[in-house]
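Visitor: Take the given structure of chain L and dock chain G to it, following the hints.
Number of protein chains: 2
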Amino acid sequence: MQDVKPGGSFLLNCQWSPEELDQHLPASMKSYIAKNNIKFYIVDAINKAREIGMGKRTNTILQSGFFKLANIIPIDDAVQYMKEAAKKSYGRKGEEIVQMNYKAIDAGVDALVEVNVPASWADAVDAPVEKHYEGSEQMIDFVKNVLEPISEQKGNKLPVSTFEHSADGAFPMGVSAYEKRGVAVDVPEWIPENCIQCAQCSFVCPHATIRAYAADAEEMKNAPAAMKGKKMIGKGCEDYTFVMQVDPLDCMGCGLCANICPAPNKALVMKPLDSQMDQQAAFDYAVKHISEKDTGLSVETVKGSQFKQPLLEFSGACAGCVETAYARLITQLFGDRMSIANATGCSSIWGGSAPAIPYTTNKDGRGPSWANSLFEDNAEFGLGIAVATRQLRERLAAKVEKVMEKAEGALKEACQTYLDTQTNSAASRKATDALVPELEKAAANGCELSKEILKDKDFLAKRSVWIFGGDGWAYDIGYGGVDHVLASGEDVNIMVFDTEVYSNTGGQASKASQIGQVAQFAASGKAIKKKDLAAISMSYGYIYVAQIGMGANYQQTVRALVEAENYHGPSLVIGYAPCEMHGIKGGMGNSQLEIKAAVEAGYWHLFRYDPRLKAEGKNPFQLDSKEPKGDYEEFIKREVRYTSLSRSFPEKAPAMYSLAAEEAKKKYNRLTKRASENWD
Amino acid sequence: MQDVKPGGSFLLNCQWSPEELDQHLPASMKSYIAKNNIKFYIVDAINKAREIGMGKRTNTILQSGFFKLANIIPIDDAVQYMKEAAKKSYGRKGEEIVQMNYKAIDAGVDALVEVNVPASWADAVDAPVEKHYEGSEQMIDFVKNVLEPISEQKGNKLPVSTFEHSADGAFPMGVSAYEKRGVAVDVPEWIPENCIQCAQCSFVCPHATIRAYAADAEEMKNAPAAMKGKKMIGKGCEDYTFVMQVDPLDCMGCGLCANICPAPNKALVMKPLDSQMDQQAAFDYAVKHISEKDTGLSVETVKGSQFKQPLLEFSGACAGCVETAYARLITQLFGDRMSIANATGCSSIWGGSAPAIPYTTNKDGRGPSWANSLFEDNAEFGLGIAVATRQLRERLAAKVEKVMEKAEGALKEACQTYLDTQTNSAASRKATDALVPELEKAAANGCELSKEILKDKDFLAKRSVWIFGGDGWAYDIGYGGVDHVLASGEDVNIMVFDTEVYSNTGGQASKASQIGQVAQFAASGKAIKKKDLAAISMSYGYIYVAQIGMGANYQQTVRALVEAENYHGPSLVIGYAPCEMHGIKGGMGNSQLEIKAAVEAGYWHLFRYDPRLKAEGKNPFQLDSKEPKGDYEEFIKREVRYTSLSRSFPEKAPAMYSLAAEEAKKKYNRLTKRASENWD
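Residue numbers (our numbering), protein chains in the order written: chain L, 409 to 1088; chain G, 409 to 1088.
Just chain L, with the same shape it has in the complex:
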């Protein structure tokens, strides 16, 4: 409030009535308004925008509200100028969108409500709130002295000495859990009686704010009353309660979970944030107190993976983001032993937005190590991590062998088991956990070699090296490196979040953009077809390659990621990721359904190429998506990035659309041919 001058005007966008304000506004705000004679207005732009059909876009309403109050130019002139600007900006996106903007401009003028400020506000005083912090001393120090000042936009007042003890640029992990932004208007409410326990809601959640738990009786007994649950289905799970727990304050309110819920009577409905606040304590309890159970479900399944703690949570990604859903899943599968080299782009922003790092650790303190190098050298950066990791682990294996030579009994056995499983993703952790205490005993008895091994014990268990980036990086700027690293034969995993456009960089066309797509540098529609990164990479023959689309086939997504990871060689997984930039009908709450539609229309294809199958005399290429049954052109006309072409270039668009459809058909034919013929 302190930025409003005495006698000034203040407009608040909220869903409250004037009468409800007294209850919701903090005392400091109320007293500032009353004491400084502030003219106070409210507008419910949230419901207004929904009503008009603009979804979450409230900015136009608020802009015209600003002009109404500021009165810099006569409001009628301002409205006219704004409408002319809207026509110019959105004309090529269609008349419907122009009309919506007109309505929003009018609404900003008409829907303002002046608040009669009660004189009593001047004396308002809040009860003192004692802040309670949980976590390590270091973390609490960081939250108090870095996160909070920056969140309050006071970061530029921090002295350099604040960062003295992290001079290497390292940030603590899991900081995003301390933000509790509460930015969603609506959050999901879980209705246990309708739930079929598929865990798909949590599978697609971009922010890890809805999570599956198998709680035992004791855990349920101690849980807050608000925690809901139902008897868990599945063999061996009879004694557990299935909990699908929502995290209201971290949820972005995208609605993906509710939209994709396959339960006949929908087990999730979106409700106003306020109404779900009792779930916060339940969520906090679940995170802290409900342990991971052996449910008998393989972690390498859609459902099984969702009982694993996500090690990417509450990132700053857009509501409805698909990239983070892929990344979150990867952390559930491999996060406790992975390193990530991240290219510049969206994934480096949501992955490393200082100070609120969203990558986190599990109860054992294990989580992904993460770093971002340059746009153009990220694959090489990851290769360096992989080579260093391999060297370190080979050296450790040699030392364990030497220890084993002179060892007997339990130590000898632990060494042997360790060496037998050293490169086995599934078994290596267990063998390491058995080896370490034996080495500790030996070290205590003076074994110098054991001491040396223990110094690098974090590298004993099999590591998983991942290289993350978007299409701008993988297809264009960093492609020289992507190709070189994949060709190297080293055991690395490359995950490409393919939005078919430079998203974070500003919406420019990339080589991943498709024919007819409108983007920066492709205002008249991209004329040439999408680069076939998968086909190019398959030409090597020893690279594991998969194309996935989460919303189209959850199981194929998990399978591809698991295969990529356990392949002892280079792997490339290309995940289709619809993006805010695409202008999907209904917004990003439909992003996962859009992937499904894309695959059904033959716009995107799912397949896996596993070089290991060659040794079995099989075709390494497997096509996972069915023959397209939808219409390609109909599909692309669901997205503004395509429809805008027919506004700007109506004479050119139809030919481009049909060329795109034709190329897609050819591509599908090529894929089916390859699946049936074995080109290797």
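Hints are not guaranteed to be accurate.
All copies of an identical chain are treated as equivalent in the list; a pair is satisfied when it fits inside any one copy or across any two copies.
Claimed, not checked - Capping the alpha-carbon separation at 30 angstroms, the derived lysine-lysine pairs in BS3-like fashion look like this: (1) 1074 with 1026; (2) 1045 with 1022; (3) 807 with 1060; (4) 501 with 491; (5) 456 with 413; (6) 1060 with 1026; (7) 456 with 629; (8) 1022 with 1034; (9) 1073 with 501; (10) 1022 with 1081.
No wet-lab data here; the hints were simulated from the structure.
Guide: Below, chain G alone, put in the same frame as chain L:
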């Protein structure tokens, strides 16, 4: 001589007897030797090396000669050390090579001849030689003031001001013609009576030192007596004399021409340089006075292309180089209108070795413009040239259209013809030649637009933009750019000289190296297969792609280059180029025959992918090489880069060789499949 101190020793490697020295040595040398009491020795390391079987490698003989004369350590010890070193260096290349080196070491000791220096040498005086320079004033200035001082190793004494008028780094073209190095031991002698007039000798010549001419009666009449010729065959050529003219002083003596000569009785035999010196005047006459005739032969054929002036000549490339044969041919086909962006590597060294630039111009002053940017951005550099060229030409076309609007008669017609053929490689020059004088007339009559057009008249005729580089550039370091530029759809032509190794950079393995190949960074044989750059590029569908191998199919080489150039889009031509680094049996005089053997063994494949064929409903992919009839493993065992593996890693080599053979077979199967099935 001035570096030899009075009383010092001097060893000269020459094929002369002591008695012949008086006649061959310059007076300044003779008098210095006599006046300063120099101990003078000669050795015929050239014939000695041949005798031993070391071909042109005289260095070992000369090294042991040095130790014999220098007497720094007792010669017996020196010999022993040298032999030990030879064993160590060449052991892995085979016992045969070790034995050769032993013989060479012994020869250096035994074959020295001390020369009895006649007292009369002290007073020796040469008749003064007046140097005669031909060329533009600027060129003569450059030759006298830059080329000659640098050739005499006095380049570091040149003042900066020498380069004042070429501050942008530009060098004059065609300087290499002034070097006349005379470095060949043997040069070809042409035997007209045996010649079948196929012009293949000139087609494969790396240094453009054997050239085909169609001379008319007048030209023959005025020619030096030494010029040979025979009645030309071919319709319409009855009145011409066919001349295959050798250039002794620029020839490197590789013997390629003689080796590949298909005439039953060989029309070329290698003879000592001295014996062929009368041909120099004939060559100089031919270059200067024999015009290019309309022989009725298409330039787009093997034979026809050889009557065109090479615009790359006398480069510093190794004897027997295949890269320069490709490049020379390209200049014959398109050189008078081409720009070359050259990557760092061999081709930037032989292409731009200051001061003796080998790219030259024709009688109209037209030749390739050439520049070298960085290793990693050369494709982008070429793209910039292409885009700038296209923009300039589009602007010119717009101006010509405007001129035409108001024009009448001949000018109007010339404009129309020009516009009709603006992007036609074959017709654009002719139309331009007709247009320019008309524009000049118009300009003289005050037409400002015509004046503007004439300012950029060099860009009126269709240009040809080429991007040159080796495999280190195209497959590795510059590949990100190669991919991006090819994907751009712009009209550029990329020529890759594929030696399968970093040649100039030092013999490191590249992604173009094959399984089992020994190279730097691949001492135990490259374990993974060669990157399939052609397949990768074909995945785009709109890139013209060809794989060529000159010695295996001359006609396919020409056809691919012509198609690549006249395709209005991106083109990639990958030319197989055996290299000094390969250790080919018999040396680089067999480089072209090695290509033939490579194709016959299924080591290399010839094909073309022309996107234009799709519009005709045809398969764009055409396989040009026949089913391999040779044995892959037998083939690779002809080259030291492969055989050295079995010396160093005898237990590992057989498996690698057969894996390589297996992958080659799979590749051939894939190619035949593609040729018969149409994968697009």
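Visitor: It remains to establish, for every hint, whether it holds in the given structure.
Guide: Outcome of the hint check:
1. In the homo-oligomer, the alpha carbons of residue 1074 and residue 1026 lie at most 30 angstroms apart both inside one protomer (24 angstroms) and across protomers (14 angstroms), since each shortest distance falls under that limit.
2. For the identical chains of this complex, residue 1045 and residue 1022 are inter-copy neighbours only, at 28 angstroms across copies versus 40 angstroms inside a copy, given an alpha-carbon limit of 30 angstroms.
3. In this homomeric assembly, residue 807 and residue 1060 come within 30 angstroms of each other (Cα to Cα) only across copies, at 26 angstroms, whereas the closest approach inside a single copy is 67 angstroms.
4. In this homomeric assembly, residue 501 and residue 491 come within 30 angstroms of each other (Cα to Cα) only inside a single copy, at 15 angstroms, whereas the closest approach across copies is 81 angstroms.
5. Proximity of residue 456 and residue 413 under a CA criterion of 30 angstroms is satisfied intra-copy only: 28 angstroms inside one chain copy versus 100 angstroms between copies.
6. Proximity of residue 1060 to residue 1026 under the C-alpha cut-off of 30 angstroms is restricted to the inter-copy arrangement: shortest distance 27 angstroms between copies versus 45 angstroms within a copy.
7. Taking CA atoms no more than 30 angstroms apart as the test, residue 456 paired with residue 629 passes in neither setting, with 43 angstroms inside one copy and 98 angstroms between copies.
8. Within a single copy, residue 1022 and residue 1034 get their C-alpha atoms as close as 23 angstroms, and across copies as close as 27 angstroms, so both meet the 30 angstroms cut-off.
9. In this assembly of identical chains, residue 1073 and residue 501 lie within 30 angstroms of each other by CA distance solely inside one copy; the values are 27 angstroms within and 54 angstroms between copies.
10. With identical chains, the CA atoms of residue 1022 and residue 1081 are at most 30 angstroms apart both within one copy (17 angstroms) and between copies (18 angstroms).
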